Amino acid sequence: MKIDLSLSSAKKFILKISVTAIILWLLLHNINLEKLFVSYRQLQLQILFYATVLIVSGNLVIPAVISMRSLKAGSLAFSLWDLVRVNFAVRFYSLFLPRGLVTGIRWVKYRNKGKGSDAAVLILFEKIIQMAIMIAVCVVFLGLDYKILGRDGQVLFILSILCLLSVLVGLAAFCTPPQFAGKVDVLINYIIKFFPPWLNSKCHELLSSLQGFRNLTKKDVSVIVFLSFAGHALCILGGYVLAEGLCPQINLAAFAWMRSVILFLSLMPLTIGNLGVREAGYMYLMGLYFVPAESAVAFSLGLFTVQILIGFMGGGIEGFYFLFAKEKLAVQLENKD
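Per our numbering, the sequence shown starts with residue 289, numbered consecutively.
In silico DSS-like cross-links for lysine-lysine, where the CA-CA straight-line distance does not exceed 25 Å:
hint : residue 1 : residue 2
1    : 506       : 360
2    : 507       : 415
3    : 415       : 360
4    : 397       : 360
5    : 415       : 401
6    : 360       : 401
7    : 415       : 506
8    : 415       : 397
9    : 415       : 403
10   : 403       : 360
11   : 360       : 507
Honestly, the hints are just simulated from the structure, not real lab data. None of the values given here were measured: they were computed from a predicted structure.
Could you build all of it, start to finish, from the sequences and the hints given here?
Dropping the structure here:
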């Protein structure tokens with residue numbers, strides 16, 4: 289059995305290498321490197337700064353406020369700065385670690401402030417909310433343009449609707465009205481009866497934590513949804529600020545649905561470290577609006593530059609707390625004694 293697993297892992301790794309090589313070959317085959325370099329140099333430091341501020345606000349600060357609002361549902365005890373710091377730290381680790389390990393790091397940081405099951409359910413809630421808002425924005429704005437994009441636009445529109453329906457089913461588990469919650473829990477309990485004993489007990493802990501989210505008031509849910517849209521809008525605006533100089537053919541509405549598609553693709557482990565997925569995605573989608581391949585890839589590299597800047601900021605904050613927080617705690621304990 290172990291041999292089969294190792295062979296399976298080896299096959300997956302070889303497949304990832306193959307897909308990565310194909311995507312990189314397609315990129316190099318379809319772009320002029322000299323024109324790409326010229327396009328990338330058009331990005332000004334001032335524009336990168338504005339984009340970074342907007343993306344940090346929408347992708348790190350507002351999600352921390354949303355998590356803070358969600359903490360009423362569980363045992364986790366965080367300050368707003370703690371949550372912002374976790375988001376920065378995760379951005380740093382995501383520069384060089386696989387997505388699964390990064391999620392594990394977030395879970396460990398959340399668990400340090402409460403129960404592990406509450407931490408897991410909070411992460412799941414954050415992800416589902418992000419996915420629901422992201423795909424809803426895609427459906428709305430792609431719906432405005434899909435007719436002029438031809439067959440490709442129509443296929444993307446249909447797929448986005450199907451994805452939104454599936455995500456809303458997952459979100460329903462958190463937001464089930466009290467009159468239906470009992471029936472949903474009976475169904476879940478019936479399903480997990482067939483799990484192994486060790487997994488059965490973990491599922492019951494998760495279900496208990498999940499029930500806490502149903503105690504969120506309508507006001508809490510409304511605020512969470514509003515803030516989620518606001519955060520997503522700031523990220524869209526940050527990307528659009530970068531795109532405006534490189535891709536004038538792209539309007540704000542078009543970029544809104546493109547960003548959602550690219551984020552959705554980046555969740556899939558298609559290549560090693562998602563290398564080339566974002567660049568190929570923007571090259572194809574912006575090509576529907578007749579944007580030159582070099583400009584589209586330059587824009588994608590600009591976004592990647594912003595991600596690196598945010599990751600370095602997260603690394604600096606994480607390093608500071610690693611080096612000095614323990615020393616400060618030791619001094620406090622010594623003063624107590």
